[in-house]
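K.L.:
One-letter residues, chain by chain:
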Amino acid sequence: MKVFAFHLMPYGALDMSYAEEYSSVWLKLPNSYFDPKVGHELYNRYLDELELCASLGFDGVSVNEHHQNAYGLMPSPVVTAAALARKTAHCKIAILGNAFALREHPLTLAEEHAMIDNITGGRLITGMVRGVGCEYFSMGVNPAFSLERHIEAHDLVVRAWTETGPFAFEGKHYHFEYVNMWPRPYQDPHPPIWCPSQGSTETIEWAAHPDRKYTYLQAYSAFDSVLRYLNLYRSVAEVKYGYTASSSQIAWSVPVYCAETDEKAVEEVRPHIESLFNTFLPKISQSMFVPPGYMTATSMKKIFAHKAALRGGQKVDDLIARGVIVVGSPDTVRKILIERHRQAGFEHVLIMPQFGTLPADLTEKNLRLLGADVVPALQALDENNYAGFEPAVAAE
Amino acid sequence: MFHLMPYAGLDMKERDRHKSAWVTLPNSLYDPEVGHELYNRYLDELELAAELGFDGVAINEHHQNAYGLMPSPVVMASSLARRTEGCKLAILGNAFALREHPLTLAEEHAMIDCITGGRLITGFVRGIGAEFYSMAANPTLSHERHMEAHDLVIRAWTEKGPFAFEGKHYHFEYVNMWPRPYQEPHPPIWCPSLGSTETIEWAAHPDRRYVYAQNYSAFTNVCKFLDQYREVAATQYGYNASSEQIAWTAPVYVAETDEQAVAEATEHMETLFNKFLYLPFEKLFPPGYLSMHSYKRVAAHKKNVLGGAKMETLMETGVVIVGSPETVRRRIAECHEVLGFGTFVSLLQFGTLPADKTERNIRLFAEEVLPAIQPLSDREYRGFEPATAAAE
Amino acid sequence: MADCKESKIDIRGTGVHLRRGGSGEPMLFLHGASGVAGWIPTFQALSEYHDLMVPDHPTYGLSDEPDWLDNMDDLAMFYLDFLDRMDLDGVHLVGNSLGGWLAMEIAVRNCTRLKSLTLVGAAGIRIAGKPIADIFMMDPDDLVREIFVDQSFADNILNMEMTEELMDVQIRNRVATARLGWQPRLFNPNLRKWLHRITVPTHVIWGDADKIVDPAYAAEFGRIIVGSEVTMIEKAGHLPHVEKPETFVAAVSGFIKAKAA
Chain B
1 MKVFAFHLMP YGALDMSYAE EYSSVWLKLP NSYFDPKVGH ELYNRYLDEL
51 ELCASLGFDG VSVNEHHQNA YGLMPSPVVT AAALARKTAH CKIAILGNAF
101 ALREHPLTLA EEHAMIDNIT GGRLITGMVR GVGCEYFSMG VNPAFSLERH
151 IEAHDLVVRA WTETGPFAFE GKHYHFEYVN MWPRPYQDPH PPIWCPSQGS
201 TETIEWAAHP DRKYTYLQAY SAFDSVLRYL NLYRSVAEVK YGYTASSSQI
251 AWSVPVYCAE TDEKAVEEVR PHIESLFNTF LPKISQSMFV PPGYMTATSM
301 KKIFAHKAAL RGGQKVDDLI ARGVIVVGSP DTVRKILIER HRQAGFEHVL
351 IMPQFGTLPA DLTEKNLRLL GADVVPALQA LDENNYAGFE PAVAAE
Chain S
1001 MFHLMPYAGL DMKERDRHKS AWVTLPNSLY DPEVGHELYN RYLDELELAA
1051 ELGFDGVAIN EHHQNAYGLM PSPVVMASSL ARRTEGCKLA ILGNAFALRE
1101 HPLTLAEEHA MIDCITGGRL ITGFVRGIGA EFYSMAANPT LSHERHMEAH
1151 DLVIRAWTEK GPFAFEGKHY HFEYVNMWPR PYQEPHPPIW CPSLGSTETI
1201 EWAAHPDRRY VYAQNYSAFT NVCKFLDQYR EVAATQYGYN ASSEQIAWTA
1251 PVYVAETDEQ AVAEATEHME TLFNKFLYLP FEKLFPPGYL SMHSYKRVAA
1301 HKKNVLGGAK METLMETGVV IVGSPETVRR RIAECHEVLG FGTFVSLLQF
1351 GTLPADKTER NIRLFAEEVL PAIQPLSDRE YRGFEPATAA AE
Chain D
2001 MADCKESKID IRGTGVHLRR GGSGEPMLFL HGASGVAGWI PTFQALSEYH
2051 DLMVPDHPTY GLSDEPDWLD NMDDLAMFYL DFLDRMDLDG VHLVGNSLGG
2101 WLAMEIAVRN CTRLKSLTLV GAAGIRIAGK PIADIFMMDP DDLVREIFVD
2151 QSFADNILNM EMTEELMDVQ IRNRVATARL GWQPRLFNPN LRKWLHRITV
2201 PTHVIWGDAD KIVDPAYAAE FGRIIVGSEV TMIEKAGHLP HVEKPETFVA
2251 AVSGFIKAKA A
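Chains as they are written, first to last, in our numbering: chain B, 1 to 396; chain S, 1001 to 1392; chain D, 2001 to 2261.
Incorrect hints may appear among the rest.
In the DSS-like style, the derived pairs of lysine-lysine whose C-alpha atoms are separated by at most 30 Å in a straight line are [unchecked claim]:
1) B:283 - S:1160
2) S:1088 - B:87
3) B:172 - S:1168
4) S:1019 - D:2211
5) S:1019 - D:2130
6) S:1357 - B:87
7) S:1088 - B:37
8) D:2211 - S:1296
9) D:2193 - S:1168
10) B:172 - D:2211
11) S:1296 - D:2008
12) B:213 - B:172
13) B:172 - D:2193
Derived by calculation from the structure, the hints in this document are not laboratory data.
Make a model of the complete structure from these sequences and hints.
P.N.:
In structure tokens:
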């Protein structure tokens, strides 16, 4: 198994009295709450943390994109990925993801990914996402066309990465007379593409398609949902497309916290993990996260059902019990993750070692414990440790 | 030190089968293995310059070409952010108005400014004509979009969000930038240009007082445009421009002796001008990119704009500075005496100049030239005489 | 000979340079990207049958440069104003190249003042894989050569003495065309959806050697616009009305007599 470290880079120093006036840390929370001096410290601390992961033997480090919020300070994961490019030597750098279709000109991102892929000699993984609903308000992009633009932007980018230019791209949303990308990506035919998602059926079916076989990354959720969506991918591959999905097409991201003992871990992580879920995380109940047309009605209803449990008022014990997070001594964490792998067989796990307000010292301790006592054991896992997929079970 | 990051591995025979190295030169001529080496070599060169005491390192933006492999200087600046300390990182520039959403760049600049603790310089450019073919942006709207993008970005960087921006080209209901830039009120803004009157007048405006950076040109033009900036400030706006508002970029090559410098640089310098930079007129100036007045002026000189450059001429006209440390030192000091620029931006790698020569050029410049020119100030500047500038 | 009157007329505050001559049913000719090269023999011949009007579009030629003109939608709405202000009915609308695109934009909005539509080497839609030639990228001299089959026409243009005024007009025309048609290049992705709204008899005329807008477009328009008729003019390029005046005039008047009399 490959173990990645995923960072959201939250504005952990947020003045929590914001809640007296604002209902969310997204979109409308005034940026006067952001202090650039603190931001400077945080960015460098977070980048240090990812670089530490690289030196502790993680297989990859990962960043993502969110605009105008305190949940994740990376409107451009390109900046953080580029900053990591020459500060890490061997690990993968995964942008999970970038919202190509939020741009009128997805090729600007494709150029940037190609540059990073060239600089790193092929260590880039490209995540293609649509962005959370809220982004459509920030970026002034119409959510009603989100899905079709996403697919068209993908086609444009993959053609730009693989076909010799110049060629004309004649799409519905994108028209370019001269597509001729300098530089082309380093990896042949192009960087691996991953599809991070909360479990949308459209995304799963699209990613699993035999023309693509893109790695599906399930964002953190209760583990029964995780298992359901990961198995849905395998099931779609099997039933709809008639091939057996490889475990390398399956990935899961999860907040993890390790301390010396189970009790200590729970006590230490409590306020910080609760801040992630109760303060920073998008609240699906708010209309800004589900703008009209962003998802099909079916997906919307399904996601509402699964996410209902993730609304405010989350308690650490409940999050642990439902498997949304993994917390404990290195022993406990290792055992749980090995068991999760036995059940779901993901070849990639993205550990989120910092979340919400978790401070530097605890994050570093978490990383060092994980690096020493958990990561090596996980890296040793393979298909032999996976219970295997039974379509009948998945169909439930 | 400024880097263009050219694709020095270009097969020149193949190159010559095409009119220019821009927009339509097939990217099958780009070899990612070579590109990987070049990118890392060029970044090493900039990091070396930072280490050796240059005040800043600079990069820029060009799309779909072999002249400069940086469609996104943001990637390069980010990569340099935590590999350099103390020196400025200058993006000279980024074309905000080529984007439908200039805030994406503004966000990236703010991130880099935060990461580096305020070492970023932001260059605002429109992009050269060729980019309008590559990026499918309408050149006839370029000027007004450029202005509007600037206003949007400055407001986003300085005003508390969220606010609505209601422009002609850009409409956003919620502008609320996270993160805000580190520098107060925002990163310094520079306007790199080839000498457009519109740019000079706009940059010199008392509301802005942005640094005007003259790109490499014949020295008479450099004089004309840099003095024009001071002149505009003095007569049109009634203030004295500070020398800090003036910058000049030139390709420089230093070797032990003048002869050696010329012998070593010639091939690579001529490649820069004749193979990489050359652009057919229509690609350089798409319709509406220039005002009617400027277009006619440029069209009149169409034949001798570009191409067929010779090292001798480039040196004579002062487009490039090549020679022994003593010669280069003297030349820059003389130019400074005449023009009083507060910043000199040296292009120490150009065209196909290989790694060893570039490294020696950087080291010689840092050791033998920098210490002599860094102390230059207004004391050595002969001062600006409005009459002289106006007369010409 | 120029049996036409040239005047500047005012349409809601915008001065339009108009050439007008002849009598009969009104005909409005909409020029292409390079503007109008005077009252050419074709216009003279058409004015035998028609009250022929050949305006310079706003921003082009000798017309005003209004600040409201941002895109093709604006220009189409302007010409609907033009038809109203001039109180023209039963108009035979003819458009060449960019003017053909404009004619369709007008017709899909409102056909009530029109009697027929003639498209000559029209831009406005895109056939995948067959882009309209990039007139912005091409060297202007090469472009002139590509427009004609008979290179003597190109020679005449290229050898023309360049006056300051002429140069200004050329630059202004080129900029205006870029404003209207740079992105996407000389077409409107939504136009195809609405071509069924053209309810007047439509005639598609093309030079069989058109190197700017491929003759495949003639067939495409013929297919999409219900009841339209296609006429190919032999050995003609992008401006068949300039290169083959007699054949062109015969085709135009023949169609009008047969279909829209």
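K.L.:
Compare the distance between the alpha carbons of residue 1019 of chain S and residue 2211 of chain D with 30 Å, and conclude whether the hinted pair is satisfied.
P.N.:
holds (21 Å)
K.L.:
Is it true that the CA of residue 1088 of chain S sits at most 30 Å from the CA of residue 87 of chain B?
P.N.:
holds (19 Å)
K.L.:
Check the hint pairing residue 1019 of chain S with residue 2130 of chain D against an upper bound of 30 Å on the C-alpha distance.
P.N.:
Holds: residue 1019 of chain S and residue 2130 of chain D sit about 23 Å apart, inside 30 Å.
K.L.:
Assess, step by step, whether the Cα of residue 172 of chain B is no farther than 30 Å from the Cα of residue 2193 of chain D, and give holds or violated.
P.N.:
holds (13 Å)
K.L.:
Would you check the hint for residue 1357 of chain S and residue 87 of chain B, treating anything up to 30 Å between C-alpha atoms as holding?
P.N.:
holds (26 Å)
K.L.:
Given the hinted pair residue 1296 of chain S and residue 2008 of chain D, is their alpha-carbon gap at most 30 Å?
P.N.:
At roughly 27 Å apart (the allowed maximum being 30 Å), residue 2008 of chain D and residue 1296 of chain S satisfy the hint.
K.L.:
Would you check the hint for residue 283 of chain B and residue 1160 of chain S, treating anything up to 30 Å between C-alpha atoms as holding?
P.N.:
It holds: about 24 Å lies between the C-alpha atoms, which stays within 30 Å.
K.L.:
Compare the distance between the alpha carbons of residue 1088 of chain S and residue 37 of chain B with 30 Å, and conclude whether the hinted pair is satisfied.
P.N.:
holds (18 Å)
K.L.:
Is residue 2211 of chain D close enough to residue 1296 of chain S, meaning Cα to Cα at most 30 Å?
P.N.:
holds (29 Å)
K.L.:
Assess, step by step, whether the Cα of residue 2193 of chain D is no farther than 30 Å from the Cα of residue 1168 of chain S, and give holds or violated.
P.N.:
holds (27 Å)
K.L.:
Taking only the CA atoms, is the gap from residue 213 of chain B to residue 172 of chain B under or equal to 30 Å?
P.N.:
holds (25 Å)
K.L.:
Just to be careful, I want the Cα atoms of residue 172 of chain B and residue 2211 of chain D compared with a cutoff of 30 Å; is the pair within it?
P.N.:
holds (25 Å)
In the structure shown, no violation is registered for any of the earlier numbered hints.
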